[in-house]
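Enquirer: Here is what each chain is made of, one letter per residue.
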Amino acid sequence: MSKVLNEKPNAEQLPTVGTVGIIVDGHYAPPPEDKDGKTWVRTSALVHADTRALYEIWRDTENIPLWQEQIVRVTRTGETTSHWVMQSADKSKTIEWDSEILADEPGHRIAWRSIGGESNNAGEVVFEPSPGSRATMVTVLQEFRMGKFTSLWESIPGRNPKQAVIENLRHFKALAETGEIPRTEGQPHGPRGKIADTKRSLYGEKITTPPGLNRKAS
Amino acid sequence: MKALCWMGSSKVEVHTVSDPTILNPHDAIIKVTRTAICGSDLHLFDGFIPTMEEGDILGHEFMGIVEEVGKDVNNLQRGDRIVVPFTIACGNCEFCRKKIWSACDNTNPNAHLMEAAYGYSGSGLFGYSHMMGGYAGGQAQYVRVPFANVGPLKIESDLPDEKVLFLSDIFPTGFMAAENAQIQENDIVAVWGCGPVGQFSIASAFMLGAARVIAIDRFPERLELARSIGAVTVDYSEEDVSVLTALKDLTGGVGPDSCIDAVGLEAHSAQLQGMYDKVKTALMLETDRSSVLRQAIQGVRKGGTVSIPGVYGGLLDKMPFGAAFGKGITMKMGQTNMHNYMKPLFARIEKGQIDPSYIISHRITLDEAPDMYKVWRDKKQNVTKIVIDPWAA
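Chains as they are written, first to last, in the working numbering: chain F, -1 to 216; chain Z, 5 to 397.
No false leads were mixed into what you were given.
Simulated coverage check for chain F against chain Z, where a stretch passes if three residues somewhere in it have a Cβ under 8 Å from a Cβ of chain Z:
1) 161 to 173
2) 182 to 191
In silico SDA-like pairs for lysine to any residue, Cα to Cα no more than 20 Å straight-line:
3) Z/LYS6 <-> Z/VAL391
4) Z/LYS306 <-> Z/ILE333
5) Z/LYS15 <-> F/PRO189
6) F/LYS160 <-> F/GLU94
7) F/LYS160 <-> Z/GLY123
8) Z/LYS102 <-> F/PRO127
Here's a subset of chain F near chain Z, in silico, CB distances under 8 Å, partners left out:
9) LEU44
10) HIS46
11) ALA133
12) THR176
13) GLY177
14) GLU178
15) LYS197
16) GLY202
17) GLU203
18) THR207
19) LEU211
Calculated from the structure, these hints are not laboratory results.
Even glycine gets a Cβ: it sits at the ideal position worked out from N, Cα and C.
Construct the entire structure; sequences and hints are all you get.
Expert: Here is the structure:
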């Protein structure tokens, strides 16, 4: 380490390896490129809640429908395996798949992959104190293999899978910080116009907001 | 219930809609006793704000009586009288903890829309487009208030509604504008726009120690109100009046210490650049008309401060950034961090330091509101502020 700057009272140690490949040898690295039929999304959130408590919420597999969009049921099928059911808001389309946890580091990291069914995805989530330990940084890296399953997925939420991952992390953060997920579904309004349906799709308002109740972390 | 709905550009109508219900544990439902039309509602009326949808209920200045609370609201109960801030804040995120409540992370269900436009999303607002959350507003008989445990101010004194209603937006907004203007004792402050926010910016500038306030507008009724609280007025539409010359004349050639743009994106200008901006916005080459902001940057003294409570939404053209840099000015702006101001300003009202109801010119029913939007937009009937009783027949 160079000796030219000797006064930096709060500086972190220059990270050599950052969460899910964000920093490599002290240098920022972009998320993996979409290619070979794989599409990637990497997203992070600063959450004011205890790192361990956040890990616990995420790890509580059967309660994931409380905060993930369109996931209507997750059933544990073994110590590390579960069965997932995703349904469109109008209940007209359903897809199901099985998932397996590949790595589980309590309070820090969970990695998983699908093991058959109508979605082909893999991902990991890492919980770590933010620089200066102000809060917890939650970072998700998820990969979808494009194919008929993924396009089927896309037709269900009405968002592409990448945006769905971003929205789910947003719901997770809101729920952990406040005990609820902000919503407007079910509020009053006057007569809607002819293109209201198109506009609702555009605004992402056709997707049912997950219920989110009673899961505040802090 | 009856509610005022946005039905398209220059079209608002009263419709009978379903009553709001509790949707989340920190919600409250209030029976609205008074609500007001805000100058920024006119931006919606004029179609300047994107992501509005036919049937959206307008209104973000309101107060009322608590009807019902969600299971996690512990500080309010049925029958409480409250004023509700127009920005919705969760109280727990990074930004609420920093008291930048209008930047709350957790209250905009459509945050992705604002992220696409601004990089990051601010808090949700009542009745102000889907980009800002798509929440139903309070120009209605009832309204749902999310995070009622964080925002509303309980009014336990017998002050009439009209004296406390403006704590919902424009008084705090004017006060934060004066605070952002970094006023020192005996400063000279210039305020563009003598509508409601301008009025409270002028009043707050005096409260914070300004010695002279220069108020700029073109409507006689507004200029008269400004003079009534002690400001020197300048009518920019009068023949031979140049605002920049007036500012020099009224400051010994130095320029005002602080300039406040309480006009925002639909600025009107008597000069050629006003026409330039009208044409460019019509052709969608810029989204906001910015003649006031240009003038404020030109007019402020060296090392002075420009504070912007007026709403801007998009892209501005021909900003004199060289002047801003050359003079080393400071610019501060943004949606009001309501929750910092409601209590202290209520205390000022209670002590009799100010009676905010002085700006009210019209008291109407909900059914009269659609016509009054048009009247105010067209600057007729000497409107300075319109207050609605949603239950009056």
